[in-house]
Amino acid sequence: MFSTKTTIVIVAAALTTVLATSIFHLENGIHYFISMSAVYNAVRVGALLVLVSLLFIKPPRSILMRLFLGATGIMLHIGSVYLLLGYAMNLVDAFVFMAVAVVFMVEALEPQTITGDERVPA
Numbered sequence: 001m002f003s004t005k006t007t008i009v010i011v012a013a014a015l016t017t018v019l020a021t022s023i024f025h026l027e028n029g030i031h032y033f034i035s036m037s038a039v040y041n042a043v044r045v046g047a048l049l050v051l052v053s054l055l056f057i058k059p060p061r062s063i064l065m066r067l068f069l070g071a072t073g074i075m076l077h078i079g080s081v082y083l084l085l086g087y088a089m090n091l092v093d094a095f096v097f098m099a100v101a102v103v104f105m106v107e108a109l110e111p112q113t114i115t116g117d118e119r120v121p122a
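All the letters of the sequence shown, read from the start, carry residue numbers 1 to 122 under our numbering.
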């Protein structure tokens, strides 16, 4: 089973590959299935910054950050499916954004850590 850090790194690598292909107009086969739009690049950069911040901010995270991650994940997932079904988003873009959304939603649902003082007696 992958840890959450490994999943974040894999999704960040996929997002970086798509972003580099879009920015530098690389012809590596993926460019047929992604959008070269500046709006998508801005969303990719924002998502990549949040993913990198998740690697450095140790749990338990604040409730505001968890609310932000959950809301962003839900909006990103719904938007990706809606735009994919409306033929406004390409296939690889939709899959990468849905993977980012799943990581955001999983990180938003992180369990509270229990220290030795907070344990409930059995």
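Hints are supplied without guarantee of correctness; some may be wrong.
[Said to hold, decoys possible] Each pair of labels, with its calculated beta carbon distance range: (1) K5 to A71: 21 to 29 angstroms; (2) M65 to E27: 35 to 43 angstroms; (3) L64 to G29: 22 to 30 angstroms; (4) S37 to S62: 28 to 36 angstroms; (5) L109 to E27: 34 to 42 angstroms; (6) G29 to R61: 34 to 42 angstroms; (7) T6 to P111: 13 to 21 angstroms.
Quick caveat, the hints were computed from the structure, so don't treat them as lab data. None of these values were measured; they are calculated from a predicted model. Note that the Cβ used here is the ideal one computed from N, Cα and C, for glycine as well.
K5 paired with A71, Cβ distance criterion 21 to 29 angstroms: holds, 23 angstroms
CB-CB spacing for E27 and L109 relative to the 34 to 42 angstroms hint: Given range 34 to 42 angstroms: holds, Cβ gap about 39 angstroms.
Outcome for the supplied range 35 to 43 angstroms, where the beta carbon pair is M65 and E27: Since M65 and E27 have Cβ atoms about 38 angstroms apart, the given range 35 to 43 angstroms holds.
Distance restraint hint 13 to 21 angstroms, applied to the beta-carbon atoms of T6 and P111: Given a distance of about 18 angstroms, which is inside 13 to 21 angstroms, the answer is holds.
Range hint compliance [Cβ, S37 to S62, 28 to 36 angstroms]: holds, 33 angstroms
Range agreement (Cβ of G29 with Cβ of L64, hint 22 to 30 angstroms): violated, 40 angstroms
Consistency of beta-carbon spacing, R61 to G29, with hint 34 to 42 angstroms: holds, 37 angstroms
Violated hints amount to a single one, hint 3; each of the other numbered hints is respected by the structure.
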